[in-house]
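Enquirer: Chains as they are written, first to last, in my numbering: chain R, 1 to 142; chain W, 1001 to 1162.
Note that these hints are calculated values from the structure, not bench results.
Below, in silico cross-link-like pairs of lysine to any residue (SDA-like), each with a Cα-Cα straight-line distance of 25 Å or less: (1) R:85 <-> W:1027; (2) R:94 <-> W:1011; (3) R:111 <-> W:1095; (4) R:85 <-> W:1159; (5) R:72 <-> W:1092; (6) R:85 <-> W:1025; (7) R:94 <-> W:1021; (8) R:94 <-> W:1092; (9) R:90 <-> W:1010; (10) R:90 <-> W:1030; (11) W:1059 <-> W:1135; (12) R:124 <-> W:1023; (13) R:72 <-> W:1011; (14) R:90 <-> W:1012; (15) R:72 <-> W:1160; (16) R:111 <-> W:1159.
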Amino acid sequence: MSRISLTVPRVAGLVWMLYAASAAFAHHSFAMFEMSKNVTYKGTVVEYHLENPHSHIIIQVSASEGKELAGKWDIEGGAVNIMVKQGWTKTTYKPGDSITVVAHPMKDGSKAASLFYAIMPDGKRLYHDIARPNADGSAPAK
Amino acid sequence: MSAAPLLEWLQNTGWATSLKESTLVFPLVEGSHLLALSFSVGMVMVLDLRLLRVCLRDKPAAVVMRELMPWSLTGFAVMLGTGFALFAAQAVSAWSNPFFRVKMILLVLSGLNALYYQVRYYPRMAEWDRGSTPAGVRAIAIVSLIFWIGVIACGRTMAYEL
Chain R
1 MSRISLTVPR
11 VAGLVWMLYA
21 ASAAFAHHSF
31 AMFEMSKNVT
41 YKGTVVEYHL
51 ENPHSHIIIQ
61 VSASEGKELA
71 GKWDIEGGAV
81 NIMVKQGWTK
91 TTYKPGDSIT
101 VVAHPMKDGS
111 KAASLFYAIM
121 PDGKRLYHDI
131 ARPNADGSAP
141 AK
Chain W
1001 MSAAPLLEWL
1011 QNTGWATSLK
1021 ESTLVFPLVE
1031 GSHLLALSFS
1041 VGMVMVLDLR
1051 LLRVCLRDKP
1061 AAVVMRELMP
1071 WSLTGFAVML
1081 GTGFALFAAQ
1091 AVSAWSNPFF
1101 RVKMILLVLS
1111 GLNALYYQVR
1121 YYPRMAEWDR
1131 GSTPAGVRAI
1141 AIVSLIFWIG
1151 VIACGRTMAY
1161 EL
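Could you put together the complete structure from these sequences and hints?
Expert: As structure tokens, this is what we get:
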């Protein structure tokens, strides 16, 4: 009896430690992005996926934009439900369209970034939900 | 990977594409998967804790098992169905996700663990239920708890890798 009552907390503790360890090295939703850094990517849409669990816009940035920006970037957005509330639709972009987005690049330097907003041809911004500013124009809640 | 064409076919079926592009159904399926998990795994964990004599000690394990397993199996059916739908919507990236693979391995091991219990100890429950729980049964209960916590941890973690 007492052996079991000791075993259970020990096993629970071990499992909890394993879980905490696995959570620590896993990519967390926004932890892998440099959220304080805003980079403007101007290029051409290669792929536009408004889909779950995350939307993706693949953008080709030409060499004329500079060595650091040139290449194919994976701009990651939110789930369909979140994006649609911001005004995104299935037809917002199609391959071949020119596009300008502001996004937070990956910390590890790989060619992907978390969408902040896209600048539409008429100058209007389409936000990724968590980046939506408050009604008074102040910075969004984290 | 030879599974690639099959995964792509699954992901591009009409219903999987609709799910992937849906505004409401996808979050509902996700939510149902988690709700079903609470029934399926929750009941199994209560039974495991009973086998370890941590809770419900005044009830025979056989009674606890008989009361809880229908809830658990119903939850498991919903969990399996919703889980397959979520997998289909992102089959290619899910398949390449290491946490998904570990989760599937742990699921199979959980099944084998439960099967071993059914074959080895369940038929003789009437004999040992009143006395002391066999060490093998306690081991199965501990293994079950670890595997299921592992399944949930992997399921949660893989969502951050997709």
